[in-house]
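Same order as they appear, the protein sequences are chains R and U.
Going by full-length UniProt numbering, the first sequence opens with residue 1, and the numbers climb by one from there.
Going by full-length UniProt numbering, the second sequence opens with residue 1, and the numbers climb by one from there.
These are calculated hints, taken from the structure and not from any lab test.
Computed footprint of chain U on chain R, listed as stretches where at least three residues anywhere in the stretch have a Cβ under 8 Å from a Cβ of chain U:
no.: 1; segment: 122–132
no.: 2; segment: 140–146
Under the rule of at most 30 Å between Cα atoms (straight-line distance), these lysine-lysine pairs were calculated in the DSS-like manner:
no.: 3; chain 1: U; residue 1: LYS199; chain 2: R; residue 2: LYS149
no.: 4; chain 1: R; residue 1: LYS153; chain 2: U; residue 2: LYS199
no.: 5; chain 1: R; residue 1: LYS402; chain 2: R; residue 2: LYS209
All figures in this text were calculated on a predicted structure; none of them were measured in a lab.
Glycine included, every Cβ here is placed at the ideal spot set by N, Cα and C.
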Amino acid sequence: MTEITMPKLGESVTEGTIENWLVKVGDRVSEYDPVCEVNTAKVTAEVPSVHDGVITEILAAEGETVDVGAPIYKIDIDGGADGKPAAKEVFETAENKTEEEGVRSNKPDVKAQPAGRRLSPVVMRLIGEHGIDIEELEGTGFNGRITKKDVEKYLAEGPIKQPDQAVNPPAAEKERPAVSERESSVKSGESIKVSGVRKEIAKRMVQSKTEIPHAWLMMEVDATNLVNLRNKHKARFKEQEGYNLTFFSFFVKAVSEVLKDYPILNSSWDGDTITVHDDINLSIAVANEDKLFVPVIKNADERSLTGIAKSISTLAHKARSNQLTGDDMAGGTFTVNNTGAFGSIQSMGIINQPQVAILQVESIVKKPVFIGDMLAARHMVNLCLSIDHRVLDGLVAGQFLKAVKEKIENLNPDADSVY
Amino acid sequence: MAKLSYLDAIRDALFVAMEQDDNVFVLGEDVGKKGGVFKVTEGLQEKFGEMRVLDTPLAESNIVGTSVGAAMMGKRPVAEIQFAEYILPAVNQILNEAAKVRYRSDNDWNAPMVIRAPFGGGIHGALYHSQSIESIFVSTPGLKVVVPSTPADAKGLLMAAIKDNDPVLFFEHKKAYRLLKGEVPEGDYTIPLGKADVKREGDDITVITYGLCVNYAMQAAEQLSKEGYEAEILDLRTLYPLDKEAIIKAASKTGKVLLVTEDNLEGSLISEVSAIIGENCLYDLDAPIMRLAGPDVPSMPYAPPMEDYFMMNPDKIYNKMLELSEY
Chain R
1 MTEITMPKLG ESVTEGTIEN WLVKVGDRVS EYDPVCEVNT AKVTAEVPSV HDGVITEILA
61 AEGETVDVGA PIYKIDIDGG ADGKPAAKEV FETAENKTEE EGVRSNKPDV KAQPAGRRLS
121 PVVMRLIGEH GIDIEELEGT GFNGRITKKD VEKYLAEGPI KQPDQAVNPP AAEKERPAVS
181 ERESSVKSGE SIKVSGVRKE IAKRMVQSKT EIPHAWLMME VDATNLVNLR NKHKARFKEQ
241 EGYNLTFFSF FVKAVSEVLK DYPILNSSWD GDTITVHDDI NLSIAVANED KLFVPVIKNA
301 DERSLTGIAK SISTLAHKAR SNQLTGDDMA GGTFTVNNTG AFGSIQSMGI INQPQVAILQ
361 VESIVKKPVF IGDMLAARHM VNLCLSIDHR VLDGLVAGQF LKAVKEKIEN LNPDADSVY
Chain U
1 MAKLSYLDAI RDALFVAMEQ DDNVFVLGED VGKKGGVFKV TEGLQEKFGE MRVLDTPLAE
61 SNIVGTSVGA AMMGKRPVAE IQFAEYILPA VNQILNEAAK VRYRSDNDWN APMVIRAPFG
121 GGIHGALYHS QSIESIFVST PGLKVVVPST PADAKGLLMA AIKDNDPVLF FEHKKAYRLL
181 KGEVPEGDYT IPLGKADVKR EGDDITVITY GLCVNYAMQA AEQLSKEGYE AEILDLRTLY
241 PLDKEAIIKA ASKTGKVLLV TEDNLEGSLI SEVSAIIGEN CLYDLDAPIM RLAGPDVPSM
301 PYAPPMEDYF MMNPDKIYNK MLELSEY
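If we strip away everything but chain R, and leave its shape as in the complex, we get:
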């Protein structure tokens, strides 16, 4: 019987949540058969079996978050330990790996081992001796390096935010009875375990919302031509291509074209520099019940309308069936969000860091509009743009949005092709 451990599903991944067991105790599996679905901060992946054999015990429940290297199930390998040499080799490698990773995850305190930050020996020693959480330290050295003096200052004066906390307690104490009253008067229902993806979403959202000074603007666009154009081709397109010609595809296409003229919206903020990207990779938000994914249409500017419609269809399908890979979601430079899909007519998007803007395409609504002095029934849609005001100003954002608006309004249902 062999214990199988949680695999490392990405460079920086340290834990995974078991989403689903695809096998049960007693099931026979072949090598490479999927055993379970694991959800990490980055991706959801199927974990394949590394052996032929029979599952004898499942050690981690669905919904449980398990450290990389911790055992998740046991398997009785065909032929036992004396089986064919090849199988034994695999078995040994797996075990060695387990050992190694076990050692790694046994390190006492993750906070005391801050990966990825360059700490000098003295800083390392001081935070160890005083049990300091380095996240609370502010680095004043070169490139924000934490210097010995920073640690000494911290030790002498306490964390930077301490004064606030010191002021807060009385207020918090006053509040406490109210909270407990509420607790007793509100009957709590089901408590939902926060999944890895949810945690990651939460972290990113807090970071974006707190770090970026968001500014917001909205333009109303006459989408009547768009509606007519799409209606004209919709049925035949579906028949020929096998997927829908969505309104959203037109907006994504328009954005990818207009970004060429306003490259500053296709950039990222790095503190000291603003990097303008040559590639136009559009992130699109796709919700899957309780999760939000932002897969990327790579080089959207090089694709035809059909190509874009196809990418959207493929990515959305992958997202809904948990098949997106890290690659599918990497490299986005600007986000277009199809909030209209669920009927919203106005929304304020949170920018997807390190991007500098997000465009929300709202629901198309038929309403009376004045054209000159005439009242007409037109299909109207709101385009809502959130911008990072550190990088972009209202002027360029307005020009960009206006250009998208013109692209949509100038579609010609009689002449334009959808191919």
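Dock chain U against chain R, hints included.
Using the frame of chain R, we list chain U on its own:
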């Protein structure tokens, strides 16, 4: 206390030492009638006579060899080598004889002698009159190597060197001779050999150096202070044997160490200081140990812009100090 130049302080030390002890005598090229090419020994021959202030032939091995013999017989010779780089013909007498005689004779013999030599550049002296040669001598147990950085230190250390019962090389920075002035205690005044000295207190960075560079580092530190950084400056004073305790203490205090010498970088004395810090202070270091030194070219050039490029100065030290402070 009188305000003396670095040169006057050295002369004062010689006067006091010769008055105190009849066994002390001075020998070297032009030290007597001329009073030395830099006038360090001016007036000594008039005061103490030709038998205690000897003009010698231009033969350094002879000057040092004579000194070794006289010292072993109970005299306390103070030899002058006119320029430090001229010492090379006498290296055998220094390293093989003077430094090792006590060890070789199992304590039966010793050589209480001092060899004074002006070293260093920045005086348009070019190849034969600008070198730093201390690194040749700082790996021979039995020998002491001393470099003063102030007039008071020059007097106190030279008197201590003359009273020491083993050979001491005493290197005087020739640019410091008339550049540095300061209060110097009168009469008998000694500073213990083998002890480094904190010349300035600070808690942002530590600068460890010796000789004229101490003064340059002090100037740079005042400049740096305006940027809000305070430098601790440790003057090694004795280059061999090194004051390890003081080096470790000073380096550990700030965790950011800059080592400065006018010598060529590779294989210089500060490389050894760096090794001591690396071996003893790893868990107190907050930045890589930085070294600032002359380039690895054969000699100090003559042409002024090229000499400036080679020679240490306060600006160079300041820039490096700031870099380290901001690290």
